[in-house]
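Chains G, L and P, in that order, are what the protein sequence lines are.
The first sequence begins at 203 in our numbering and counts up by one.
The second sequence begins at -2 in our numbering and counts up by one.
The third sequence begins at 30 in our numbering and counts up by one.
Don't take each hint at face value.
Stated by the list, open to error - Below are the DMTMM-like pairs computed for lysine to aspartate or glutamate, each with C-alpha atoms no more than 25 angstroms apart in a straight line:
| id | chain 1 | residue 1 | chain 2 | residue 2 |
| --- | --- | --- | --- | --- |
| 1 | L | Lys345 | L | Glu359 |
| 2 | P | Lys48 | L | Glu109 |
| 3 | G | Lys257 | P | Glu36 |
| 4 | P | Lys44 | L | Glu109 |
| 5 | L | Lys250 | L | Glu396 |
| 6 | L | Lys321 | P | Glu245 |
| 7 | P | Lys44 | L | Asp458 |
Just so you know, these hints were derived from the structure itself, not from any lab.
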Amino acid sequence: MTRLPVRKTYKLYIGGSFPRSESGRTYEAEGQNVARASRKDARDAVRAARGAFPKWAGMTAYNRGQILYRLAEMVEARTSEFAELASGRDEVEQTVDRIVWYAGWADKLAQVLGSSNPVAGPYFNFTVPEPTGVVAVLAPDEPPLLGLVSRVVPALTGGNAVIAVASETHPLAAIELAEAIATSDVPGGVVNLLTGHRAELAPWLAAHMDVNAIDLAAADGDLPELERAAAQNVKRVVHGRSDVQSPWEIASFLELKTVWHPVGQ
Amino acid sequence: MTDLERTRERTPVPKDWTYAPAPEARDIVRIEKRYGHYVGGDWIEPSETYTTISPASEEPLAEVGQASVAEVARAVDAARNAFGNGWSEISPSERAKYLFRIARILQERSREFAVLESLNGGKPIRESRDVDVPLSAAHFFYYAGWADKLEYAFPNRRPRPIGVAGQIIPWNFPLLMLAWKIAPALAAGNTVVLKPAETTPLSALLFCDVLRQAELPPGVVNIVTGDGRTGAAIVEADGVDKVAFTGSTEVGKAIQRELAGTGKRLTLELGGKAANIIFDDAALDQAVEGIVNGIYFNQGHVCCAGSRLLVQESIYEPVVEKLKRRLATLRVGDPLDKNTDVGAINSKQQLEKIQELVASGEEEGAEIYQPPCRLPEKGYWFAPTVFTNVAQSYRIAQEEIFGPVLSILTFRTPEEAVEKANNTPYGLSAGVWTEKGSRILWMAERLRAGVVWANTYNRFDPSSPFGGYKESGFGREGGRHGLEPYLELE
Amino acid sequence: MDAVALEERAASLAKRSIKREAKVFALELAIRMMDLTTLEGQDTPGKIAALASKAVRPDPSDPQIPAVAALCVYPNLVPTAVARLEGTGVKVASVATAFPSGQSPLEAKLEEVRWVVDRGADEVDMVIDRGAFLSGRYAKVYDEIVRVKEACGDAHLKVILEVAELGTYDNVRRASLLAIAAGADFIKTSTGKLPGAATLPVTLCMLEAIRDVYEETGRMVGMKPAGGIRQAKQAVQYLVQLHETLGVNWLTPDLYRIGASSLLNDVLMQLRKERTGIYQSADYFTVD
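For reference, chain G alone in the conformation it holds in the complex (with noise of 0.2 angstroms):
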């Protein structure tokens, strides 16, 4: 007799944990019955996100850095699943690679896109980088694993909390990578997944006034109503790269910081 398997139930990533959706509604991709998030579901991400941010952005960055280490060992060991949910092994290891390269930048942001300013004048000067807070991020389609991860860990480096949007015909992935990040010592809701309709979704996030940056490189439909969406509170809006690895994918989501001191008795 055959053995029955016991099938994974695919399941969104917010607060920490696996809720399906609010609205009971999935979809079918690659074979499977995904989560289909829903505008109540962003809306939840977006809270789960702020909650977290004070404590993530308020770790030190070698602490970051740590986590964002231990996100690549785990995403290591599991190599053969991410391998057939991705485009194969050399996908992964890529992945793998990316996390472990952000993850080293944590704690030399502030000194190669930082500086002391030498002003005119008895005043000490002084330029540090901040996270600008709560980022939501269209991951590309393809590749379904590097793509979101090339998105999602620059803006975690910088000490942002995150809501992505997963690869709509190819989600899997990013559940995978969810249970990763579940076990890597990432503070629940720093790291917030969302699998569904892009088309769907995009706009409320877009218009979410609790959304500092919005990524908006991989969105599908009407650009220039989402960039006009996204001017409501001003919102940072970036066009991310996935085929790259920057700082540069960093300092978008960084605020800059001038600080003031005179100097004398």
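Given chain G, put chains L and P in place with the hints provided.
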């Protein structure tokens, strides 16, 4: 009298509350009876050996090698081979991953290393456990991240490794100094021959096992043990392209003389006689903590120790009072006891040097204070000591004692504080205590020291550059700047 | 005050490793220093009676375990407490002055103090007017404490600063010195009614103020952390901090109290573990 005292019978108070011994277990670390040198990824039989001991008890711990000129040459060859045959060609991201592995393994084996460090060197387990080992792992983690990002560290320059680095480290932070040397060197693509200090070889030798676990390619890191003769052999070896030395100013100068005209790159991290400056608006209790931390941390065996206290005259009395009271609560004892604050002096030689300088202090007219302290029979010990009535010209105010001895001088104005602080051939570090931000920055601008600590002391971080001005050496370790000594920047 | 350095020093002291005899000494001292507390709207004489027996005999199966220092209750329960603790040596401490907010007219507060003292309270735990303090009316805060101290008569006075509302360590130090100058026998961290009550850095800050007063005038004032101390391990940390900041002379319930309720059973569990060598279960200790 409070009403309480008037109306109540007092409950008797205890005579004392001694904390029971709380020793960290030794058996977590395995010490071999005998060690060779670690060359080309393997152990080689040493031609000559000596015994390394625990300075707290004088107990012999192991036999270690005294590397000869020939053995050093073998190590340098191994490093050259490893450099030429791949280490500098391995993709930088792969180099990074080796360093990340080393960092993680150090974290996993942290208790072993902490115990060994305290046993062999004499520092309290609380320090090795909470400071030395975590910082060492962090240092590897930090530089691992730079290995494949060098082009961002130096705008418009093409960074290339130098080749083989010969590195000689001191006995005060054996594992941490090893991390400060090896991590940036490897991140930049170099290979290394490193000699730990004569009295503290064991953590470096245990580190070789970490290298084995990390599967670092053979010859990338080579470790040879021995005294000053071995160090000289490394400095003089032809195959060494760059020398990094941390130790006394005297030896540093000798090395600089030796390398003159050879074109070899050099960085030196030498001695110091730091001024710890307290203004009358400082948060006093915290400042006293800072003074204590500045000079009694690691028994004062710290190049950047705040060994000269410059107190603003108007608060001299309360500071000295509080300091003496605080000294009485310092626990001197077994380094492996978790409650020990001040451990053993690293060696007989160092103890004699401290005793000599302290005697000179008394002869020259300074007033000595030592809290009542029961020192163990065996081992090398010195009670925390404070000198008041110290003049700038006394030996104890000029020479580096490298022990738990603080000299207190006074000043009246900020300008005078700056003048006194800078009046030394050294320039490694300084401390400033004041609640006024603008004054901190004003002092920092004027102090001729590579590291200025304000309202804190003895803080280290892999991302924070460390190094001296003047005779405290040149070159920086830590931070983006710490990469520069290990790169050719075209 | 420098907050970073203060917190570091507190953390460093908290790492002391106290073993065996030294630990037993600390745990027994912690019991002798405890103000066993119940301050609930739902307190009844029945509850007080039960707590009073616990206070006198914390562990019925072990007569060696000492009694606590005091029972701390709301004014209405003072008569029951006094009756139950008559002749036992355990004191009755009453909160007063519109505890916990302090937001009542001075006359009402003084009347409350006189009321509890008349009915036998040995100790009064008052709250300072944080509203006045934070709006800079220090003289008002001072004056109230002086008046309350007068109203206390022979009862001894603990002044609750409510550190969680004061915001900064500088304010805690300022409030400590103010309360001591106005006649406090003890300064106390909190009412226990707000989250985040006693913490090691805050108590260190207060002990340093006490130390400064002692060094300057010879007067010895007591300290009481209250709120959030639930584990024996914490109690030992507080005592280590006390020992290393003020010395052995303060290691007495006359100068240090711990305001707690569930702490007692955890201390009893630890003591039994030290005696027997095995880890304990809460099932074996009475809940009163």
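Status of each hint after checking the structure:
no.	hint	result
1	L/Lys345 / L/Glu359	21 angstroms, holds
2	P/Lys48 / L/Glu109	22 angstroms, holds
3	G/Lys257 / P/Glu36	19 angstroms, holds
4	P/Lys44 / L/Glu109	19 angstroms, holds
5	L/Lys250 / L/Glu396	16 angstroms, holds
6	L/Lys321 / P/Glu245	16 angstroms, holds
7	P/Lys44 / L/Asp458	22 angstroms, holds
Of the numbered hints given earlier, the model fails none.
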